[in-house]
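Visitor: This is what each chain is made of:
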Amino acid sequence: MDLILLLELAINGVFIGLMYALVAAGIVLIYKTSGIANLAQGALAMMGAYVTWALATLAGLPMWLSIPVALAAMFATGILTERLALRRMIGQPVIMVIMLTLGLEIMLRGLLPGIFGAAVKRLDLGIPNAPLFVGDLLINRAILIGGSISFALILASVFFFNSRLGIMMRAVSDDQGASWSVGIRVERAIAIAWGLSAMMATTAGVLWGSTQGVDWSLSLLLIKALAIAILGGLDSIVGVIIAGILVGLAESLATGILDPIIGGGTRDVVASVIILLTLLLRPHGLFGREHIERV
Amino acid sequence: MFYRRAGISHTRYQDERQIWPLPLDRFLVAAVFVLLLAAPFLVDRLYLVSYLVPWVIWSTAALGLNLLMGGAGQIHLGYGAVIAIGAYGSVHLVRAGVPFEIAMIAGGLLSAGIGIVFGAAALRVKGLYLAMATLAMQYIVDFVIIQFPAISGGTQATLQVPPVTFFGIPVTGDVAPYYVALFVCVVVTLFMLNVKRTSFGRALAAVREKDYAAAIIGVSTFRFKMLAFWVSSFIGGVVGSVLAVCYYRAISPDQFHLDLSIQLVAMVIVGGLGSVLGSFFGVALILFAPIVLNQVIGFLATELGLAISMDLRSHLPLVLYGILIIGFLLWEPLGLSKIYNNARNYFLVWPFRHARH
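From first to last, the protein sequence lines are chains U and D. According to our numbering, the first sequence holds residues 1 to 295 in order. According to our numbering, the second sequence holds residues 296 to 652 in order.
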């Protein structure tokens, strides 16, 4: 194994990890405000990519217009989901809420390919296909740009949590009852969290859709995002960045090194192994607050 | 009227503690059981093989999962993997010449053994984290089965199940596999009906409701969560071997993907958490609703000339599962069994509604 190849795998892995982390950031955002793990985050990413594709191809809008429109539509979708489904589940056991988001993911995974057709769609962002050469290193341009955009957005969400709205949402995540009693509209904060996280998912879906095409397999981003969210600690944005880089690195290196030995397929299992190891060794993740209810 | 309680006076404690204290319940169960026994002679071969057999087998699986989800309140998103372990384990044993009866039990034990390794995560974490652990289990087991040719026979391979006998009866043709599946289903159903009346079932209920409280009154949460995982995985493994021998007859890794796990969870939720009867209802709805829906859509497409694309038709089952899960969680979290119970409660005192308490 020569050094150049290893370095190449590492760099691409970091940027891929950051692109995964954008999906994970949405999960963390919802978990931070409402304590619900959104298993439909991958499906929301898929939906965002489908909507963008439909606006750009079926409606014929230019790309610079269709992405903002898709973002706005997905923000509304997120808010509607919270309003129509999640709000009615307040007070139900956590198993029920998890199942509800899982039901949402199943429905979306069937609905969107059903409506728009199951064939892989091409989403062209205008990023040139030619790889970037840095010395001897070969870097995928789409992944480089996607990873950078994701990193910027996750950083922006760190700053967002210091804004007025962000502080309100932090208060909600700390203690819903107390924030309610000082006049914070808890439901509104949670709805905004859902909307924002649907927008994050859309961005991630568009970035991934431009690299691998738009089809139902975008919803598989969920498992990587969960690995990142759990490794980083479910309520830490900084954790998402670090864990994203780690998961991307691990996945890329495992694919590069282990695949030739055992014959492929490691890419899909790395995330699962990370989830399991994290849960067994350090259930609150790297940066999460240690308040997980142990049994 | 139907469920009349008038004139039934229990004079012994045993009578009060019967599973079905009302004569009509007993009659209904007996009638359904006789119908199921006579089914091969009543219904067409096609319906027997493609409707009844899967219904019986999946109901057994749903019962096993229901013990864990409804009984102990633990979520499991990797039950398909548990079934896969049992299927592969027992098929390998059968191919090595081990009798089917022993291979079935061994498959169950294998599933239980591996299942509680992953269930061990349940001892440290719960709720959401347990869901993640079992989801990871699904992917890891899938990966191991596909990647190790010694287990699956290669990436694209299918393992043929050799002809087997069950207590001396060859499991071939259409009728014998049905009876084998029905036998296992009846055994599991009887177990599930009775488990709630034992100390084990009571302990599980205590752990489900509040584990701290259970620990305080002396129920070892560690022990009973482990046991719940063990028993449930054992049933899953047995179902896996029945599924392989009686229904698929040749197994390949793609039969046990995440979709199967999700389908099973949907069955349990739609049917009703913790309800034996509900498991049967839920399986029937989840298995047959897509078929009916597809036929309705096909009818609409051909007779009324509606343009419905193949893509939409092939994805309708997924949409339907999703809608069923969401709908039941929002409007009837206790599932179909609760709907049945409501009707039953209504008829218990019909037409004297004011007598209901």
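No lab work stands behind these hints: they were computed from the structure. Each hint should be verified, as a subset may be incorrect.
[What the hints assert, rightly or not] Footprint (simulated), chain D over chain U, 3 or more residues, beta carbon under 8 angstroms:
no.	region
1	4 to 14
2	140 to 152
3	222 to 232
4	273 to 283
Quick reminder that beta carbons are idealized off the backbone N, C-alpha and C, glycines included.
Visitor: Does each hint hold? Answer for all of them.
Guide: Status of the hints after comparison with the structure:
1. 4 to 14: Answer violated; 0 residues pass the 8 angstroms Cβ test.
2. 140 to 152: This one is violated; 0 residues, fewer than the three required, reach chain D with a Cβ under 8 angstroms.
3. 222 to 232: holds (count 3)
4. 273 to 283: Answer holds; 6 residues pass the 8 angstroms Cβ test.
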